[in-house]
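Colleague: Line by line, the protein sequences are chains L and R. Using our numbering, the first residue of the first sequence is number 1, and each one after it goes up by one. Using our numbering, the first residue of the second sequence is number 1, and each one after it goes up by one.
Read the hints as simulated data drawn from the structure, not as lab findings. Accuracy of the hints is not assured; some may be wrong.
Unchecked claim - No more than 35 Å apart at the CA atoms, straight line, and that leaves these computed lysine-lysine pairs for DSBU-like:
| # | chain 1 | residue 1 | chain 2 | residue 2 |
| --- | --- | --- | --- | --- |
| 1 | L | Lys672 | R | Lys102 |
| 2 | L | Lys35 | L | Lys672 |
| 3 | L | Lys35 | L | Lys303 |
| 4 | R | Lys102 | R | Lys81 |
| 5 | R | Lys120 | L | Lys632 |
| 6 | L | Lys325 | L | Lys535 |
| 7 | R | Lys81 | L | Lys672 |
| 8 | L | Lys98 | L | Lys35 |
| 9 | L | Lys632 | L | Lys434 |
| 10 | R | Lys81 | L | Lys632 |
| 11 | L | Lys672 | R | Lys120 |
| 12 | L | Lys64 | L | Lys17 |
| 13 | R | Lys120 | R | Lys102 |
| 14 | L | Lys672 | L | Lys632 |
| 15 | L | Lys35 | L | Lys632 |
To be verified - Here chain L is said to cover these stretches of chain R; the calculated rule only asks that three of the stretch's residues, wherever they fall, bring their Cβ under 8 Å from a Cβ of chain L:
| # | segment |
| --- | --- |
| 16 | 48 to 58 |
| 17 | 188 to 200 |
Even for Gly, the Cβ is constructed at its ideal location relative to N, Cα and C.
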Amino acid sequence: MAGFLPTLAELAADDHKGLHTLYVSPLKALAADIKRNLTGPVAEMGLPIRIDDRTGDTPQSRRKRQRTDPPHILLTTPESLALMVSYEDAARTFQGLKRIVIDEIHALAESKRGDQLMLALSRLQSLCPDLRRVGLSATVDDPEQIARYLARYPDPCHIVQADPGPAPDIAMLQTEEAPPWAGGGAAYSIPAVLDQIRAHQTTLIFHNTRAQAEIFFHNLWLANEEGLPIAIHHGSLDREQRERVEAAMVANELRAVVCTGSLDLGIDWGNVDLVIQIGAPKNVKRLVQRIGRANHRYNAPSKALLVPANRFEVVECQAALEAVKQGRLDGDPRPPGPRDVLCQHILIRACSGPFDADTLFAEVTSVGAYSHLSRAAFDACLDFCATGGYALRAYDQWQRLLQRPDGLWQLRDPRSAARIRMNIGTIQDADLLKVRMKRSRGGKPLGEVEEAFAATLTPGDTFLIGGQIVRYESLREMTVEVSRDRGRKPKIAVFSGTKFATSTQLSQGILDLLAQDAWPNLPAHTADWLTLQRKVSELPRAGQMLIETFPHQGREHACLYGFAGRNAQQTLGLLVTKRMEELGLDPLGFVATDYATLIWGLSELTDPAPLLDGNALRDGLERWLAGNAVMKRAFRASATIAGLIERNTPGSRKSGRQATFSSDILYDTLRKYDPDHLLLDITRDEALSGLVDFARIEEMIERIRGRVSLRRLGRISPLAAPLLLEMGKVPVQGAGAEKLVQQEAAELMRASGLETLAQ
Amino acid sequence: MRLAAGSKTDDQTRMSGYDFTLAGTRLTALGSGALWWADERLLCVSDLHLGKSERHLRRGGAALPPYEVRDTLNRLSALIKQYSPDTVLCLGDSFDDLAAAKALPASEADDLRQMVAARKWIWIEGNHDPGTTSFGGQSCDEITIGPLTFRHIARVDATPGEVSGHYHPKARLSRGRSRPAFLVDHIRLILPAFGTYTGGLRSRDPALAGLMQPQALAILTGPTPIPCPMPR
Numbered sequence: 001m002a003g004f005l006p007t008l009a010e011l012a013a014d015d016h017k018g019l020h021t022l023y024v025s026p027l028k029a030l031a032a033d034i035k036r037n038l039t040g041p042v043a044e045m046g047l048p049i050r051i052d053d054r055t056g057d058t059p060q061s062r063r064k065r066q067r068t069d070p071p072h073i074l075l076t077t078p079e080s081l082a083l084m085v086s087y088e089d090a091a092r093t094f095q096g097l098k099r100i101v102i103d104e105i106h107a108l109a110e111s112k113r114g115d116q117l118m119l120a121l122s123r124l125q126s127l128c129p130d131l132r133r134v135g136l137s138a139t140v141d142d143p144e145q146i147a148r149y150l151a152r153y154p155d156p157c158h159i160v161q162a163d164p165g166p167a168p169d170i171a172m173l174q175t176e177e178a179p180p181w182a183g184g185g186a187a188y189s190i191p192a193v194l195d196q197i198r199a200h201q202t203t204l205i206f207h208n209t210r211a212q213a214e215i216f217f218h219n220l221w222l223a224n225e226e227g228l229p230i231a232i233h234h235g236s237l238d239r240e241q242r243e244r245v246e247a248a249m250v251a252n253e254l255r256a257v258v259c260t261g262s263l264d265l266g267i268d269w270g271n272v273d274l275v276i277q278i279g280a281p282k283n284v285k286r287l288v289q290r291i292g293r294a295n296h297r298y299n300a301p302s303k304a305l306l307v308p309a310n311r312f313e314v315v316e317c318q319a320a321l322e323a324v325k326q327g328r329l330d331g332d333p334r335p336p337g338p339r340d341v342l343c344q345h346i347l348i349r350a351c352s353g354p355f356d357a358d359t360l361f362a363e364v365t366s367v368g369a370y371s372h373l374s375r376a377a378f379d380a381c382l383d384f385c386a387t388g389g390y391a392l393r394a395y396d397q398w399q400r401l402l403q404r405p406d407g408l409w410q411l412r413d414p415r416s417a418a419r420i421r422m423n424i425g426t427i428q429d430a431d432l433l434k435v436r437m438k439r440s441r442g443g444k445p446l447g448e449v450e451e452a453f454a455a456t457l458t459p460g461d462t463f464l465i466g467g468q469i470v471r472y473e474s475l476r477e478m479t480v481e482v483s484r485d486r487g488r489k490p491k492i493a494v495f496s497g498t499k500f501a502t503s504t505q506l507s508q509g510i511l512d513l514l515a516q517d518a519w520p521n522l523p524a525h526t527a528d529w530l531t532l533q534r535k536v537s538e539l540p541r542a543g544q545m546l547i548e549t550f551p552h553q554g555r556e557h558a559c560l561y562g563f564a565g566r567n568a569q570q571t572l573g574l575l576v577t578k579r580m581e582e583l584g585l586d587p588l589g590f591v592a593t594d595y596a597t598l599i600w601g602l603s604e605l606t607d608p609a610p611l612l613d614g615n616a617l618r619d620g621l622e623r624w625l626a627g628n629a630v631m632k633r634a635f636r637a638s639a640t641i642a643g644l645i646e647r648n649t650p651g652s653r654k655s656g657r658q659a660t661f662s663s664d665i666l667y668d669t670l671r672k673y674d675p676d677h678l679l680l681d682i683t684r685d686e687a688l689s690g691l692v693d694f695a696r697i698e699e700m701i702e703r704i705r706g707r708v709s710l711r712r713l714g715r716i717s718p719l720a721a722p723l724l725l726e727m728g729k730v731p732v733q734g735a736g737a738e739k740l741v742q743q744e745a746a747e748l749m750r751a752s753g754l755e756t757l758a759q
Numbered sequence: 001m002r003l004a005a006g007s008k009t010d011d012q013t014r015m016s017g018y019d020f021t022l023a024g025t026r027l028t029a030l031g032s033g034a035l036w037w038a039d040e041r042l043l044c045v046s047d048l049h050l051g052k053s054e055r056h057l058r059r060g061g062a063a064l065p066p067y068e069v070r071d072t073l074n075r076l077s078a079l080i081k082q083y084s085p086d087t088v089l090c091l092g093d094s095f096d097d098l099a100a101a102k103a104l105p106a107s108e109a110d111d112l113r114q115m116v117a118a119r120k121w122i123w124i125e126g127n128h129d130p131g132t133t134s135f136g137g138q139s140c141d142e143i144t145i146g147p148l149t150f151r152h153i154a155r156v157d158a159t160p161g162e163v164s165g166h167y168h169p170k171a172r173l174s175r176g177r178s179r180p181a182f183l184v185d186h187i188r189l190i191l192p193a194f195g196t197y198t199g200g201l202r203s204r205d206p207a208l209a210g211l212m213q214p215q216a217l218a219i220l221t222g223p224t225p226i227p228c229p230m231p232r
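Using the sequences and the hints, build the whole thing.
Modeller: Encoded structure:
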């Protein structure tokens, strides 16, 4: 509310025509919520102020009206704002705009959505020169950095610090049963969590992934004998279902909500007096944010409980608790503004009308994150938008953007404006398919699953969605049709959710904890476990890399404890297995967690040092960047944002027929015929900083300096056990894997009797 | 589009294909997605979709990397070099549309013209390219050679010995990703798409599952063609 006081004062004082204040938040729900909270008082005071919201859910008719006759205060999201800026009449829509309020700016600043927003803002600033910018946040690790991010470069930015209030009341949940050795479900904690729900008004139960939320909710529901009103809320659920949960929350009808990041931000639910975090928080800043969801009353401490899902997470939770108590938020320096988002911005700018490249360059470099962008880099992005930027100038008569005789750039084909607008946004959802109950005429929508997950289903498979077990029936018109299943155990675990890497600071905290001689600050069961690990093997240390090798289920395993975070450990897995493949060690696959990479294959690893040599890893990286899945994923994301791949096309998705070919083909083609192309350069940048996270491998190399402790064990170690149950195993597509595919096919041919028929 | 497995074995195994019989005719499914009829010295490929990036751009879409014609032709000419066919038969949708056929980059168009001129070449017309082009060879809706009839789209009432394309079938086993695949039963053979920029339709799709007999095989393309019961 405080963010709106100057707006209300100015609007009350004079007769402002048109839009006065834009409010931008990362969540649609937040925009709707603010509208509710603002409309009431404004009406009570009898102020002649019109307030409206606009998100992806706003009906077409209202959107049109908002453009021609905008309200005084418009509440929106970065994507909707970018869309509004793309219209030819943007200058008229935003005429008179005085203020823009950006809520939860720290959350936006962590993603490309924020970069897109800041680029849109640079455009608005040109349209409305006296526009003032305000950013709001309760969890900023480095206020100066966010200030530079928000302000027009090189303008200064005023920072206002609010009273932080009392320290939170935060602890680990005490349970009768010890957490399991492995796994992420935290099912053991259900009775204790139910006790907490009973003892509190309303409890929010946060999970790191949708899959874990689904499984936990399912188990909680089975144990909820007295029928406490408990709901589930996450981003894959159908909108109607989410809205029902939100309404019930507002009406104080729920005792608990099992949720994910979808409830991280924003909305002040009435009576939340306890937050429970299931699973290690991975990042201290997000933990603080979640803790803040409990008790928004001023001067009352927020109450939160951490529930480690397994014993390793006990250690991580303890490290996080200590970081929160010491107020150590984790933050990494922001990388420069991503060029794929810039490409999209150039296309958006072209949709709104002809533009001058010099003027656009000046606008773009007024954005903090793009202030150091070179003219050459900008021109390369412009060329990419105009022609594709290929070394082979094949179809220049069909350029997407044309430079007119007067020097301005415009769209060649006005029809492409509609296609570009359909693809605005930087959020990279995997391709999602709707899930519905199978009925004669479209049954109840339940939510969405990833296309890749749907592709693995065969009729009869059961999985969890929205807390219920359903049976896969068929795929019809790009909708997954299911029926209710009476079973109590789903056959397939569910679809994957987002995975966060444990921050550098938190990883260091964990290593510090492991370095203690004894662990009086940890529960006995975990202290005993670490003691056992120390006895049968040893504990990982910051100054060296522990590698354990052992046979397990007929395969050789090697576990590399790098503590570099999930993404970097994954990269390490890819690099090391590639080298092993070259050495004929027949790796078959690996799995990475935040603290280790577990590799399995046919041969024992006896000499790991050469695999971990810094120079060898760096050399390997360049060669390896060629054909690996992580790069392809990064390419897909960047190519989609930059406008090369269209998620939505007119008339697409109606039939699943001859669906567009995969982005992997574009990637392979570019690598082969145009290896210096802009998008490959962007992909390399993106992958190195994000998915590949090579910086943290560098940090690890620096930390261990070639010191490796190799332990040969007779069987799996206490610390390695959790890795075997991790989701997201990455197969190595080498000679070994090809052999296994052939074996499976031969087996099927024999079993079906087709072998004799075929020849 | 091809899987990036070790290229050494790739070259060695491309020689081998998977032999099967359709209407009494011995045929070989090659790992590259082409069909080899040794007795007739006939090489058959389907759905090249040449000029796809040009058409995409022309119609207001993004500028896809304009290298797919080069890539498809390179792979085709490598096969021709390897098998020295008397006849090459393209099963339709050879061009993404007839305008795209006219707009191929000059050097690619020359290469194609030379390839066509050097041997007997048959173009089956597909739904994307219903007409003749200036590249030479013979164009027709369908053609019968011995016991086999080649057409672009499979007919439900076909008699045994039908060879078609159009659907871009693909399939996967429980491990590994989906690959373009031949589908074959006692009546018909459906070829995977050979063009570089071509998507695929899963064999589970009703359009394919309904067309193929219960005993149908899928032959996955890749370093070595892999036969398996068609996933449904």
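Colleague: Within 35 Å, alpha carbon to alpha carbon, are Lys102 of chain R and Lys81 of chain R?
Modeller: holds (26 Å)
Colleague: If you draw a straight line from the CA of Lys64 of chain L to the CA of Lys17 of chain L, is it 35 Å or shorter?
Modeller: Between Lys64 of chain L and Lys17 of chain L the Cα gap is close to 18 Å, so the pair holds against 35 Å.
Colleague: Can you confirm whether the C-alpha distance between Lys672 of chain L and Lys120 of chain R stays at or below 35 Å?
Modeller: holds (31 Å)
Colleague: Would you mind confirming whether the straight-line C-alpha gap from Lys98 of chain L to Lys35 of chain L stays at or under 35 Å?
Modeller: Holds. Lys98 of chain L to Lys35 of chain L sits at ~19 Å (cutoff 35 Å).
Colleague: Taking a Cβ-Cβ distance under 8 Å as contact, does the segment 188 to 200 of chain R have three or more residues in contact with chain L?
Modeller: holds (count 5)
Colleague: Is it true that the CA of Lys120 of chain R sits at most 35 Å from the CA of Lys632 of chain L?
Modeller: violated (40 Å)
Colleague: Given the hinted pair Lys672 of chain L and Lys632 of chain L, is their Cα-Cα distance within 35 Å?
Modeller: holds (14 Å)
Colleague: Lys81 of chain R and Lys672 of chain L: Cα distance at most 35 Å?
Modeller: Holds: Lys81 of chain R and Lys672 of chain L sit about 21 Å apart, inside 35 Å.
Colleague: So is the segment 48 to 58 of chain R in contact with chain L by the C-beta rule, three or more residues under 8 Å, or is the coverage claim wrong?
Modeller: Per the Cβ count (4), the hint holds.
Colleague: Hinted pair, alpha-carbon criterion (35 Å max): Lys120 of chain R, Lys102 of chain R. Please report holds or violated.
Modeller: Holds, because 21 Å separates the two Cα atoms, which is no more than 35 Å.
Colleague: Does Lys672 of chain L sit within 35 Å of Lys35 of chain L, going by the straight-line distance between their CA atoms?
Modeller: Since the Cα atoms of Lys35 of chain L and Lys672 of chain L sit roughly 52 Å apart, the hinted pair is violated (cutoff 35 Å).
Colleague: Regarding the pair Lys81 of chain R and Lys632 of chain L, is the alpha-carbon distance no greater than 35 Å?
Modeller: holds (32 Å)
When held up to the earlier numbered hints, the structure conflicts with 2, 5 and 15 and fits the remainder.
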